[in-house]
Amino acid sequence: MVALEDLKQEAKNVLEGGTVKYIIGYKKPAAGFMAVPAFFHKPEDLDALVWDPTCFHNLVLFLKDEKKRKLGQKEPDERPVGIVVKGCDSRAVNVLLQENYIDRENVYILGVSCGKTGMVDLKKVRKYFMGKIISQIDFNENESFTVTTTEGKVEVPATDIFADRCTECRTASPVIHDVLLGEDSVRTPENPFGSLEEMENKSQEQKWDFWQEQLTKCIRCYACRSICPMCYCDECVVDTINFAVYPDTPAEEKAQKIKWVEKSPTTSENFIYHMVRAIHLAGRCVDCAECERACPVDIPLRFLNKKLEKESKELFDYDVGYDIEIPALISSFRDEDPEDFIR
Amino acid sequence: MRKLNVYQIYAPVKKESHWSYEALDKPESIRLDHLNTIQSPKMIIFPQREVFFEFHNAEGNTPVMKEPASEPSATVIFGVRPCDAVGVTHQDKVFNGDFKDLYYWKRRNQTILVGLACDTPPSPHCFCLSVGGSPHFTAGFDILMTELEDFYYVESFSKKGDTLINLAGDIFSTPKENSKKDKEKAHSDSEKKLKRHIKNLETVPPKLKNMFDSPLWEEESLSCIQCGICTYLCPTCHCFDISDELDSSSPLSGKRVRTWDNCQFPDFTMHSSGHNPRPDRASRLRQRIMHKFNYFVTNYQAYQCTGCGRCIAKCPVGIDIIEVLEKVRDYGK
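Chains R and U supply the protein sequences, listed in that same order. All the letters of the first sequence, read from the start, carry residue numbers 1 to 343 under this note's numbering. All the letters of the second sequence, read from the start, carry residue numbers 1001 to 1333 under this note's numbering.
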C-alpha cells in the first residue's frame, strides 16, 4: 500500500530540488469526496496532494497540453514534468513514448501501485451507499476499501464497488517509473477479457439493437475523445480547425471542405464518430476507461475499446503499452500476420 | 394523465443509473422523487437538432424548399425543477430579442411547464439560492406543485395552467385552511437544506469587467479538457450552429439544420482565415464565466446560471463553477 506521506516526500524532493518544473497529481475538490487533477508548482502546495481510490483520472492526458504549451514557448523550460501514474496510466506513457509523441526525459514518473485493489466505480459506489453522504474512500491492507460516511466507517469488499476495468487489470503497479511507491505487484486475472463474453454471445441483431440504443443517447460532447491521452491528433475529424484558407481561396473550395461527420447527433452520425474513435484506438488503448467514466449519458464505451484490445491480442499477439522497443501495432507488419481480410 | 391525452407529455424517468426526461406513453412510469435529470427540459423546447427545411435542386428545374410537415404538438413537461424553469425563462429572453426566433417560439408557445418544488436538493451541488432562485421559485412555471403530507399543494400561474387543471377536474380539491401555511413552511424548510452557496456573488459581475486579461483563467482552466459537457447540460446555454446536411450532391438535395454549438470546442470561434480569437482553454473558460456572469447580466439583468449544479456534478475533471466564482470574487484581495 502506498503511504501518502512517502508520495508527498518524493514529490517534494524533486520539486524542491528543481528536478521537475511542476507536478501533476491529485487533490480534494472544494466539495465532495472525489479527487480531482491538480498541478503543483510550489513544494508547500504539495500538502494538498492526495492518493486514494477516487484517483481514477488518467493524468497522462495532461502531457499533451504540456507538449503543446512547450511548442508555443520561445525558450521553454526543458526540465521534465513530474506526474503521478498508476499501473494502467503507465502503459499510456509507454504508448506515447513508443509513438515518439513524448521523450522519456520529458517526464519524471512518480509511480503508484494500486496494491490489492484499484479504483472505485462511482456509479457502483452511489448505488451501494444510496442516500448516504460519503466523505472519504481509502485503500486498506485487504482486498477492500474503507468508506467513511456520516454514519461512520465501513469496509466494503473491493469486488462490490470496483471499476470493471480493475477486475481485468494486469498491471496493478506501473510498468515504467522513476520512483515506485507501494508494492511492485503483478496480477494475473483469470479472464482478462471476461467482461466481453456477454456481448460476444449476443446475436448480430441483438448487438445492433444494443449499440443503436446506446449510441443514440450520445450528445456529442466529445468528452470521451477529449479525456483520452491517446487522442492527440492536431485535427480531429469532428472539428475542422486546420483547413488552411487564404485571401485568395475560392468560395467553392471553402464550401467543399470535407465534412467527415455532421454536427447532428443522429444515430448514424454518432455511429461514425464512435467507430472512427474506436478504430483509431486499436492497439493503442490501455483500458484506463476514462472515456466511459467521463460520458455524461453512460454509454458503455469501454466495450468497444476492450474488444479491439482483444482482437489485437488474438490476431497479432500484441499487448498494448508493455514494451516500447517493439513497433506500434498499426504501423508495423510481420510476415506471420494474418491477412485474411485482403484475400 | 389520461385526461391529458391531447398533449405530448414528458416527465423524469429513472434509467439504470440516472434520471432523464422521456416522452411518456403510460402514466405509471411517472415518479416524482427524481434527482437532477442528466439534461434539463432545454432538450425538449430547444432540441439539439432541428430541421429548418429540406431543399432539392434537380438540374434544369427551379430549386424547391420544403418546411417539415409536422408542427410541434402541445406539450406538457411534468415534474420540472425550479432551476430548470428559470433556465427556460433565460432562453426566452435570448430568443425574443431583436430577432424573434420563430422555430423556438413555435415549440415554446405550445409548452406547459408543470413544476415540482424541491423538498430536498436534487443534487449535492445545488446552489439556486445564490443565483437569485430558490427550491420553490415560480418563474417560468404554468403550475407549481409542492408536496405536503399526503397531497400536493398546486398553484397555477397562467391560463395554460388553468386549462390543464380544468381538464384534470376532480383530482383537485380546494385547499384546506392551513395548507397554505404548511406550504410556506415546506418552502422555507427546503431552503435550509441547500448545502452550497456563493457569498456576495453580486460583487462578481462588476469585477469581471476588469478581469479579461487576468492570469486566473489560465490557472483555473489547467485541467479543462474542453469537452462540451458543462455547456450542453446547462439549462441556459443556447449557442447554436446552422449547417446544410447533404443527402445527395447530384441532384443537390439535403436539409438545413440547427444544432447546438459549444464555446468550449476549438472550432467554435475559428475564422475562415485560420485565426482563432479564443485559441486556448483559458480564453474558453473565461468566455463561459464572462457570458454567464458579466455579459448576460449587462444585457438581461440576470445571471445566466440557475444553480442546478450539473456542470459541477458532471465535469470529468472536477472544475467547480462555484469555486471559480469565489476565486474571481476574492481575486487580488
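Simulated from the structure, these hints should not be mistaken for laboratory data. Each hint should be verified, as a subset may be incorrect.
To be verified - Cut-off 25 angstroms, straight-line C-alpha distance, at most; resulting in silico cross-link-like pairs (SDA-like, lysine to any residue):
| id | chain 1 | residue 1 | chain 2 | residue 2 |
| --- | --- | --- | --- | --- |
| 1 | U | 1209 | U | 1226 |
| 2 | R | 257 | U | 1271 |
| 3 | R | 257 | U | 1327 |
| 4 | U | 1193 | R | 122 |
| 5 | U | 1333 | R | 31 |
| 6 | R | 257 | U | 1291 |
| 7 | R | 28 | U | 1163 |
| 8 | R | 127 | R | 74 |
| 9 | U | 1093 | U | 1047 |
| 10 | R | 116 | R | 67 |
| 11 | R | 257 | U | 1256 |
| 12 | U | 1185 | U | 1226 |
| 13 | R | 207 | U | 1015 |
| 14 | R | 74 | U | 1187 |
| 15 | R | 217 | U | 1032 |
| 16 | R | 67 | U | 1209 |
| 17 | U | 1192 | U | 1179 |
| 18 | R | 217 | U | 1263 |
| 19 | U | 1327 | R | 307 |
| 20 | U | 1199 | U | 1182 |
| 21 | R | 127 | U | 1015 |
| 22 | R | 153 | R | 182 |
From a predicted model like this one, the values you see are computed outputs, not experimental measurements.
Worksheet item: Holds or violated: residue 28/R with residue 1163/U, Cα cutoff 25 angstroms?
Response: violated (50 angstroms)
Practice prompt. Take a quick look at whether residue 116/R and residue 67/R sit within 25 angstroms of each other, Cα to Cα.
Written response: Judged against 25 angstroms, a Cα distance of about 34 angstroms means the pair is violated.
Fill in: Given hint residue 1032/U paired with residue 217/R - CA-CA distance at most 25 angstroms
holds (23 angstroms)
Discussion item. So if I understand the rule, the pair passes when the alpha-carbon distance is 25 angstroms or less; does residue 67/R with residue 1209/U pass?
Written reply: violated (32 angstroms)
Item to complete: For the pair supplied as a hint, residue 257/R and residue 1256/U, confirm whether the alpha-carbon distance does not exceed 25 angstroms.
Response: Within the cut-off at roughly 17 angstroms; holds.
Worksheet item: Holds or violated: are the alpha carbons of residue 207/R and residue 1015/U at most 25 angstroms from each other?
Response: holds (20 angstroms)
Worksheet entry | Pair hint residue 1193/U and residue 122/R, alpha-carbon separation not exceeding 25 angstroms | Measuring from Cα to Cα gives roughly 24 angstroms; hence the hint holds.
Item to complete: Given the hint that residue 74/R pairs with residue 1187/U, test it: the Cα-Cα distance must not exceed 25 angstroms.
Response: Violated, because 59 angstroms separates the two Cα atoms, which is more than 25 angstroms.
Fill in: Restraint check for residue 217/R with residue 1263/U, where alpha carbons must lie at most 25 angstroms apart
holds (22 angstroms)
Worksheet item: CA of residue 1192/U to CA of residue 1179/U, is that 25 angstroms or under?
Response: Holds, at roughly 20 angstroms.
Fill in: Pair hint outcome, residue 1209/U versus residue 1226/U [Cα-Cα no greater than 25 angstroms]
Holds - the C-alpha atoms of residue 1226/U and residue 1209/U are around 24 angstroms apart, at most 25 angstroms.
Worksheet entry | Pair hint outcome, residue 1185/U versus residue 1226/U [Cα-Cα no greater than 25 angstroms] | With Cα atoms ~43 angstroms apart, residue 1185/U and residue 1226/U exceed 25 angstroms; violated.
Checked against the numbered hints above, the structure violates hints 3, 6, 7, 8, 10, 12, 14, 16, 19 and 20; every other hint is satisfied.
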